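Asks: In the order they appear, the protein sequences are chains A and B. With the first letter of the first sequence counted as 1, position 4 gets the number 4 in the numbering used here; the numbers rise by one all the way through. With the first letter of the second sequence counted as 1, position 1 gets the number 1 in the numbering used here; the numbers rise by one all the way through.
Worth flagging that the hints you see were computed from the coordinates, not collected in a lab. This structure is a prediction, so every number in the text was calculated from the model and none was measured. All C-beta atoms in this analysis are idealised placements derived from N, C-alpha and C, irrespective of residue type, glycine included. Check the hints yourself; a few may be wrong.
Capping the alpha-carbon separation at 20 Å, the derived lysine-lysine pairs in PhoX-like fashion look like this [unchecked claim]:
id: 1; chain 1: A; residue 1: Lys479; chain 2: A; residue 2: Lys433
id: 2; chain 1: B; residue 1: Lys303; chain 2: B; residue 2: Lys401
id: 3; chain 1: A; residue 1: Lys413; chain 2: A; residue 2: Lys402
id: 4; chain 1: A; residue 1: Lys467; chain 2: A; residue 2: Lys413
id: 5; chain 1: A; residue 1: Lys87; chain 2: B; residue 2: Lys395
id: 6; chain 1: B; residue 1: Lys395; chain 2: A; residue 2: Lys91
Chain B side only, calculated, beta carbon under 7 Å to chain A, not exhaustive [to be verified]:
id: 7; residue: Tyr103
id: 8; residue: Gly202
id: 9; residue: Ser209
id: 10; residue: Leu256
id: 11; residue: Leu390
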Amino acid sequence: MAYTEALAVSYDHPFTVIIGLETHVQLLTESKLFCRCSTTFGEPPNTQTCPVCTGSPGALPVMNAEAFRLSVKTAVALNCRIPEFTKWDRKQYYYPDLPKGYQISQFDLPMSEDGWLEIADPLNPDDVRRIGIIRAHLEEDAGKSMHDEAAGKSDTRIDLNRTGTPLLEIVTQPDLRSAAEAKAYLTELKLLLMYLGVSDCNMQEGSLRVDANVNLHIETDGGKIATPIVEVKNLNSFRAVERALTYEVDRQYHEWCDTGRKLGDPGVSKQTSGWDDAAQRTRLQRSKEESSDYRYFPDPDLVPVVVSPEEVEAVRQALGELPAALRSRLESQYELKAYDADVIVNQGRAVVDYYETLAAASGDPRRASNWLQQDVLRTLNEMSLTIEQFPLTAAGLGELLKLVEQGDLDNTKAKDVFAHMLAHGESAAQAMKSLGIEQVDDSALETLCQELLDANPKTIADVQAGKMQAVGALIGQAKKKNPNVNPADVKRICLELIARM
Amino acid sequence: MTLTELTALELLREMEAGSATAVEVTTAFLDQIERHDQQIGAFLRVDRDAALARAGDVDRRRRAGEKLGPLAGLPVAVKDNICVAGEPTTCASKMLEHYRPPYNATVVEKLLAADAVLLGKTNLDEFAMGGSTENSALGVTRNPWDTTRTPGGSSGGSAACVAASMAPVAIGSDTGGSIRQPAGLCGVTGLKPTYGRISRYGLVAFASSLDQIGPLTRTAADAALMLETLAGHDLHDSTSADAETPSFTQSLDQPLANLRIGVVREHFGEGLDAEVEASVREAVRVYESLGATVVDVSLPHGKYGIAAYYLVGSSEASSNLARYDGAHYGYRTDEQAMRAELDAERKAAVQAGRDPEAIDSPLVRMYRRSRAEGLGDEVKRRIMLGTYALSAGYKDAYYVKALQVRRLIRNDYDAAFQQVDLLAGPVSPTPAFPLGEKTEDPLAMYLVDLYTVGANLSGVAGISVPCGFSSGGLPIGLQLQAPPLAEDRLLRAAHMFQQTTDWHTRRPSL
């Protein structure tokens, strides 16, 4: 709400933004939804097809049970109800990349419905927004048309490799109130899907595709009016979603100011547009009034799927720890701030595992959190590595942090040791040795401090007069005499010695 | 007796005993086809060389003492809506005239695994839509008993080739009676098994929830042999029945004690030819004489069967046939001519001050013309009917209502089978009708399925066996129906009848 109000400040009429998202998620199966062909991306055209994918006369679909299992897993994690009986329907339309002339999908009895996903309010991260999920249903993907328009040609080539790839379509209620919320929802959804292991969510390869429905509820003197709904299709990055929605909100407001057209007016129907990333604007694709009649009916080639409550319960039990629960556990178990827990969880399960090992090995979960976020994640980013590829094990890094924790190593030196460990693959102890950093034991340090105090009576006097920081002058001298001394220890021992005088 | 007069079981015995080779058997049928098929038109394609090569291979393996399949050396004709890899599978449509599927139907795989010899592909009504095989885009099939008459349909080619001794057995498909009706009109035995008993994988779909593959044979015993070879759950067809396949040939001779036969009251009403009625009633008396009890039963919703069938079947067909759009395979209109035509229309539109873009896009025009030119009238009629029945605003009144009626019809069958073991009645209202008689009147043609569609709508098993002749010398069929998966009972009853009568042994003189 607050975001919308902030946005609407520069407009003459206050309004609420209404957004609903349809997300197509490609499920991580080895084979297609209704045949055994591979789903590998990027193979030469039409090499991953069989009579079922090409819609050859007489071929029949047979459901991939793994795809169904992954979709149940996702739906359960989205708090959906899983009906005991679900069926397949045909959605009829003509298109060259749809070889059967219909798509097998789910219409009136989807495999799940009525769930929700919680996201952090982008303006008040401590507030939670619950976004309703209308349904998630399974369907097969279509093929790909490649238009060759070079040199006046109008050839279209069809690649059916993608045909039959399992897609889970997740449809939200129109609960999102800003582009930022839409992005937050998608970010959280993607994270959830990654934790579940049901999709690789690779947007470049089309594993996650988003359509957004958006309009405005504008408050006018004559009461609240709604602008015509626009569906923005095939948004293939979160940035595109955010920008397209921001653009569309502004466009709809100004169109309303110019034309006064509103939802429900004669001749006003839902419009479809696409996001032009180069021009940073949406473009209308269809404005003609078209009531799509897909002539859905139950696919007689496929038997309905019956799912027992026991099976759903078994899936629920096996879900594992999901992001929301993980965040609150990290906060309570390691006393992390919400922000820090969020950063770690958002990196994925492997980073969380790394963190937990590091926290235990270092003996200081918060120091572990800082090091992970600042040093480890920065390094991963710089070197383009995943945590699995990171050369330092959590246990190995934990040893280093433990030395810092015990006061055997100061932070500055620890960073040097860290860099050396990374560069040479050495343990913390080996790296310290290589760098000539030795631990100075307390008796040697006491001797050193006594010598310095003897040589600096003014410092003693200052401290005795209450100026504790005077000891600072000795630290530099101590480091000159022995580079390995820990400044904190020098300070502590000097103060102790003076106190005993 | 010549080889072509023998049943499948007799031929197999001859070959096993060494008194005939597979090459001799195959040659005999190929020669019969050469002599008579110009007159009958049962086959769309016969590959003599391939059939003989395969028969020769069976003989060689037999001589080598190898274990052979249960149909070793038996020639089989296959309806041309069943896919054979690399061979034309036309569905008797211009649309698929040059189409060669990349894979074998499961039934074809099973025939090959059983060492049968594929003789050729038989004619049918286009995409199996019709009751007379006159809707074939590739030629008419004639009834071997009277070549001025139809063989029935849609498996008219399969029925005619068995009747004319051009094949000992043929494979057909039955969506509303398409095996039983031509079997009845041609005087052969035609079995429509329980829905799902034989895999549909590779059967070019007409109406998926009704389509069923089955054999056309000379005897019930041969039908039992074919069924036990072809039946079984198929991982490629999720609607195929996950039931064990009994040895139908083994149980065939066991007598059916205390058999209760139901005579369907509604099957003896208006429109039934008097000679057909007399023959069927006589057949029922044969069963009585064999100790069966005859019970009067009712299938009250049967009168809605034709309507429900044409709504469900056409709805599914409109969807199943959408793929024939010229984009991926099959017939495509001449693109240059199509472009020229469209350009001319657009030009005319501009001159007339109309929007040229309101006319088709080239893609839509390609779809339109390919379908207009590639599909026949009856197919178009059913696609339009089905498209209408499924469209928004009409679906509940037509498609959904038809599904409800379908359930009532199935309930009727369930209730009837509480009382009786089998139902007996006519296959079709009249003997074979003259070619051309009903082609101008689709509704009259639809009524030939009156007694058979119930089995498809409800999924039960049915068989047609010869039970007499009209005064004009045309065969008359008796239909027996049994509950789902009770084919053993159905085949035993049909066999019992054929042990007592000799209608099934009569052959037309060609």
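Asks: Checked against the structure, which of the hints given earlier come out wrong?
Replies: 4, 10
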